[in-house]
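J.: Each protein sequence line maps, in turn, to chains P and W.
Mapping of the first sequence onto this note's numbering: position 79 corresponds to residue 79, and the numbering continues sequentially without gaps.
Mapping of the second sequence onto this note's numbering: position 14 corresponds to residue 14, and the numbering continues sequentially without gaps.
A couple of the hints might just be wrong.
Put simply, identical chains are the same to the list, so a pair is met inside one copy or across any two.
Under the rule of at most 35 Å between Cα atoms (straight-line distance), these lysine-lysine pairs were calculated in the DSBU-like manner [unchecked claim]:
| id | residue 1 | residue 2 |
| --- | --- | --- |
| 1 | K190 | K53 |
| 2 | K16 | K37 |
| 3 | K11 | K190 |
| 4 | K190 | K16 |
| 5 | K37 | K53 |
| 6 | K190 | K37 |
| 7 | K37 | K11 |
| 8 | K3 | K37 |
| 9 | K53 | K16 |
| 10 | K53 | K3 |
| 11 | K3 | K190 |
| 12 | K3 | K16 |
None of these hints come from the bench; they were simulated from the model.
Protein chains: 2
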Amino acid sequence: MPKLGMEPIRKTALVKATIMEIGRAGSLDVTVGQIAKRAGMSTALAHHYFGGKEQIFLAAMRHILSLYGAEVRGALAAARTPEARLEAILLASFSATNFRREVVSAWLNFYVLAQTVPGARRLLRVYQRRLHANLTHALRPMAGAGAPPLAEAVGALIDGVYLREALSERPSDGRASVAMVQSYLATELKGLSI
Amino acid sequence: MPKLGMEPIRKTALVKATIMEIGRAGSLDVTVGQIAKRAGMSTALAHHYFGGKEQIFLAAMRHILSLYGAEVRGALAAARTPEARLEAILLASFSATNFRREVVSAWLNFYVLAQTVPGARRLLRVYQRRLHANLTHALRPMAGAGAPPLAEAVGALIDGVYLREALSERPSDGRASVAMVQSYLATELKGLSI
DNA sequence: TTTTTTGTTGATTGACGAGTCAATAAACTT
DNA sequence: AAGTTTATTGACTCGTCAATCAACAAAAAA
């Protein structure tokens, strides 16, 4: 009994299932069969809607990225001062969501994919540019012309801290990560006015 | 015509071939057959010496790590002042070697593997501890008791800068990476004495 | 010299997996 | 009512691959 308009439902189900399976496996070593099964359909249907495995993966990455983007926008909307803007970006970047196993796994494998798959590389660029733009905007009032290079450094620091926290033994602590980046920035900004 | 004492020769050949193949594929999606072929032997022999695919991968990771360690030690040996120590660590971390395609690929996949394979996680810990110890030692004269947490931040910054540089479009520029971390440190250390 | 250890591979096994196809069925169009 | 589009799947193809085995060869030990 084919109900019409299934395409978006099936596609989101597949994307969610893909992210869950990547989290379970810790890698992209996931079969279309596993994804389809978790999404409650046949492998043939998964192929029907996405055409191939790589496109399923890319859709999943796009989804992760859009979740992160929404989180940042949401936090940013309520921020009035530059300091609040910065904190909003950091809180969103180190939120509990981003430390969930599936999300960590997605990001790490995203980096691997970005080496060779043009689509993944493009998505990574989108993330990096957006982060850089947000940081520059927030830092401009404090750092003026020094904002762009400082944003570069803070962006790298965020990625590095995330990487370490995500791969640490203990359950990841977003608050500590935020504090670390903030203390770095505090000194850095103080330095500017000397 | 079996010459004796082949084991170490075969093993190093396999490790090198593994790293090259990982670089070629950009992932761990590499067959034992490809590795064995590049190393000039049969798949059966690869299994004979290593027992399985995972052990080949771990040996390759160990090799990458030992190369990096040797590079750091070499640079550190010549450094007399704390500043020179720091620079040595940075130069080694952002050397051309570490930006070669195979090495980048090995590191990225290493992170992925560290999520699920205990052996890989252990190796990652070794790298992190060693870096932290080296940084703390170099920073102690300048930062005193503040050295350990500062070393933590610098370590994360190094990883983050490496990640970005390794995945950037343009050929990676080690010198710029070193400069970025150094300028961060300069401000940070100046801040301490205020 | 027999035996054991070390090196080596072709061939095979057994399993899995991506993608295709033909077929079925319900809904929507004309 | 006939035709078209959308949804859906079981079965199949074709390929790959990790791991094992049996067998051969040469050096070292006994």
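J.: Next step is simple, just say for each hint if it's right about the structure.
T.: So, going through the hints one by one against the coordinates:
In this assembly of identical chains, K190 and K53 lie within 35 Å of each other by CA distance neither inside one copy nor across copies; the values are 50 Å within and 52 Å between. Taking the shortest alpha-carbon separations for K16 and K37, only the intra-copy value of 12 Å comes in at or below 35 Å, while the best inter-copy value is 39 Å. In this homomeric assembly, K11 and K190 never come within 35 Å of each other (Cα to Cα): the closest approach is 49 Å inside a single copy and 54 Å across copies. Taking identical chains as interchangeable, the C-alpha atoms of K190 and K16 are never at most 35 Å apart, the minima being 44 Å within one chain and 48 Å between chains.
Proximity of K37 and K53 under a CA criterion of 35 Å is satisfied in both settings, with 14 Å inside one chain copy and 28 Å between copies. Taking the shortest Cα distances, K190 and K37 never come within 35 Å of each other, neither inside one copy (55 Å) nor across copies (58 Å). Within a single copy, K37 and K11 get their C-alpha atoms as close as 13 Å, which meets the 35 Å cut-off; across copies the closest is 41 Å, which misses it. For the identical chains of this complex, K3 and K37 are intra-copy neighbours only, at 20 Å inside a copy versus 52 Å across copies, given an alpha-carbon limit of 35 Å.
Within a single copy, K53 and K16 get their C-alpha atoms as close as 14 Å, and across copies as close as 30 Å, so both meet the 35 Å cut-off. Proximity of K53 to K3 under the C-alpha cut-off of 35 Å is restricted to the intra-copy arrangement: shortest distance 25 Å within a copy versus 46 Å between copies. In this homomeric assembly, K3 and K190 never come within 35 Å of each other (Cα to Cα): the closest approach is 62 Å inside a single copy and 67 Å across copies. Taking identical chains as interchangeable, the C-alpha atoms of K3 and K16 lie at most 35 Å apart only when both belong to the same chain, with a minimum of 21 Å there against 55 Å between chains.
The earlier numbered hints that this structure contradicts are 1, 3, 4, 6 and 11.
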